[in-house]
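Chemist: In case you want the letters, here they are:
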Amino acid sequence: MNDINTNNIIEVKNLVKEFKGLRAVDDITFTVKEDEIFGFLGPNGAGKTTTINIICTLLSKTSGEVTLGGYNVARERNKIRNCIGMVFQDPSLDDRLTALENLYFHGLLYNIPRSALKERSEEVLEMVNLTSRKKSLVMTYSGGMKRRLEIARGLLHYPKILFLDEPTLGLDPQTRNKIWDYIIKLKKSKNITIFLTSHYMEETEICDRIAIIDKGKIIALDTPDNLKRTIGGDIITILSEDNVKLKDYIKEITGSEVHDAKEGKIRFEVKDSSSFIPKLIKNSPVKILSISARKPTLNDVFLDITGREIREENASARDSLRMRMRRRMRH
Amino acid sequence: MKKELIGVYTIWLRDIKRYFRDKPRIIGSLGQPILFLFVLGTGIASSLSFKGGGGGDYLNFMFPGIIGMTVLFTSFFSAMSIVWDREFGFLREVLVAPISRTSIVIGKILGGSTIAMIQGAIILLFAPLLKIPITFTVFFKVIGIMFLVAMTIAAMGIVLASVIKSMQAFQVITNFLLMPMFFLSGALFPLNDTVKWMNVVSRANPLFYGIDAMRPVILDNPALQLYPLWLDMVVLASVTVVMSILGAFLFSRQE
Ligand SMILES: Nc1ncnc2c1ncn2[C@@H]1O[C@H](COP(=O)(O)OP(=O)(O)O)[C@@H](O)[C@H]1O
Ligand SMILES: [Mg+2]
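So the sequences go chain by chain: C and V.
Residues 49 to 379 (the working numbering) make up the first sequence, in order.
Residues 851 to 1105 (the working numbering) make up the second sequence, in order.
Heads up, a few of these hints could be off.
[As the list claims (entries may be wrong)] Derived pair list, reagent style DSS-like, types lysine-lysine, alpha-carbon separation capped at 25 angstroms:
(1) V/Lys-1015 with C/Lys-183
(2) C/Lys-166 with V/Lys-852
(3) C/Lys-127 with V/Lys-852
(4) C/Lys-166 with V/Lys-867
(5) V/Lys-873 with C/Lys-182
(6) C/Lys-319 with C/Lys-276
(7) C/Lys-166 with V/Lys-853
(8) C/Lys-208 with V/Lys-853
(9) C/Lys-81 with C/Lys-61
(10) C/Lys-182 with V/Lys-867
(11) V/Lys-852 with C/Lys-208
(12) V/Lys-853 with C/Lys-68
(13) C/Lys-183 with V/Lys-867
(14) V/Lys-853 with C/Lys-127
(15) C/Lys-299 with C/Lys-335
No wet-lab data here; the hints were simulated from the structure.
A quick note: this is a predicted structure, and the numbers were derived from the prediction, not measured.
Go ahead and model the full structure; you've got the sequences and the hints to work with.
Modeler: See below:
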C-alpha cells in the first residue's frame, strides 16, 4: 500500500514453541509491516494458530523474541492487548446474547466510554451489514453472520492490528467470498494492519505478503506474485497412453522435472505453454488423450517446495475434536 | 483499578444474563432438589414415623440440606464452565482483553455464586409448603449464608477447573467429590453422633459448615447447631479467601 512506510509493527525472531516434545513452531523469523495485509498460509497443524496465540499473548513461547508495536509479548501483555483485535479460529461469541450485547461486553472489557460505545457499535455493525439483525440472539445467526459479527467486534476498540485466524473456515464458498469482500473493504476504509491465516491457497492472494508455513517452519515468504514467479511459467497437465515414455521425452526436451499428478496424469512446468503445446502434440512419441495448461497458483508453489498438496493433510485427533466442537457451535 | 473492577463486573453480568435467558436450565435444575425433597424426603419421613422415630420433623430437617445441595451443584458447575469456555467460547475473547486473570476469576466466582444464591432462594420459597415460617429477617440471613457458601464452592470449582482439563475428569469429580461432599455435609442426617470417621471427615467439608449455619436459622431452632454461627462463617470465609487466591494463581499460570 504505502511504500514509504516500512515500519515493522510485528517482529518475530527465532520463535520456538514446544508442546511436550512436539515442536509446533520451529525457529521462525519474520516481520509484519505497518498497514499491510500479511498472510500465513499452510496446511492444518502447520503452526499458524500457535504463532498467532503467542503474538497475541494467549500462549507463552518456548524461546525467541516477539514484539508488537514495540512492546514485548512476554512482559507488556496489557499494552499489546489494548492494540490488537482478534478473530479466533474457533467461535468466541456468546450465542445467548444479541449482537449488540456481545459488542457491549467487548466495549466494557476494553474500557470504551459509554457515549462512544453506542456510536461505534452502529458503525462496525453497518460495516459488516448486520444492522438489521443487531437485536437478534447470536444463536439465530448463520455461520457467515457470526463470523462477520466477530470481525465487527474485533474492530470495535479501533485496534492497530486485526488478527484473523482462518476467517473462512467451515463456511460455504459463497459465504467465504463475501467474508473476503468485507476484509478488502475494511482495508480500503481504515489504516489497519491485518494478519490473517488460511489453509485455502487461493484466498491468501489478497495479501501484500505471504509466509508459507509447513511443519512449524516458514518455507517461503514474499508477495503472491513473486512466489508464483518462482514456478517459472505455466503448469501443464497431460493424460497419455504411456506416461513413462512421455515423461522421459518431456524431460529430454524441456529439462524440467515431471511429476505424477491425480487421476493418472502427469504434470510439469514450461515457460510458455502456447508455443509448447502445438509442438508437443506434433512430435509426441505417444498418443496424448488430454492436455491442459494454466497459470501457477500458490498451491503449485507449496507443491513445488514440499512435494505435497496442501489439502492432503489429515487432521490430528486434537484437530478433529476441535472441528466437531466448532461445527456444533457454529451451526 | 477501575478497569479491573469493570472487568469483574463484565464477567459477572454476562453469567447473570445468560442464566436468565436460559429458562429451561432454571426449571431443569430445580427438578433434582424437588425430587429429593418431596419424594425421597417424604418417603424417609414416613418410614421413620412408621418406626416411631418422630419422623414428622424429618422433612423440616432435610429442607436446609436440600438448599445446601442446590447451592453446591449450581455453584460448582457454574465455576467449572470456565474449562470449556476457555477452549471453545466467549472466554477466549475475555482472555485477550486488557484485564487481569485475577479479575476474570473473581468475576466468575461472583457470577456462579449469585446464580447459586438465586437457585437456593427459589427452593427457600417452598418453605410454606412444609409449614416452615420464613420471616423477612430469616430470608435475608439465609441469602447471606447461601452466598458465602456458594462463593466457597465456586472458588473450589475454579481451583479444580484450573488443574483438570478433560471432560472425562468431570464425571469423576461429580462422583468422587461432589456426592461425598453432599452426603457428608449433614444435609440428610445429623453428623454429631454417627460413626466416628464420618464425624471427623465431615469437618473437612466446607458444605458441612454451610448447612450447620443455615439449619438453625431456617428452622428457627438454635438447638440444631453444632457450632456457633460466627464460627461457621469464619471457616467458610477463610476457605473462600484461600481457594480464591489459589484459583487466581493457578488460572493465571495455565494457558
Ligand atoms: N495446546 C496444545 N497442546 C498440544 N499440542 C498442540 C496444542 N496446540 C496445538 N498443538 C499442536 O501443534 C501443532 C500446530 O497446531 P496449530 O498451531 O493449531 O496449527 P494450524 O493453526 O496451522 O492448523 C499441531 O500438531 C497441533 O496438534
Ligand atoms: Mg489453526
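Chemist: If you test the structure against every hint from before, which numbers come out violated?
Modeler: 1, 12
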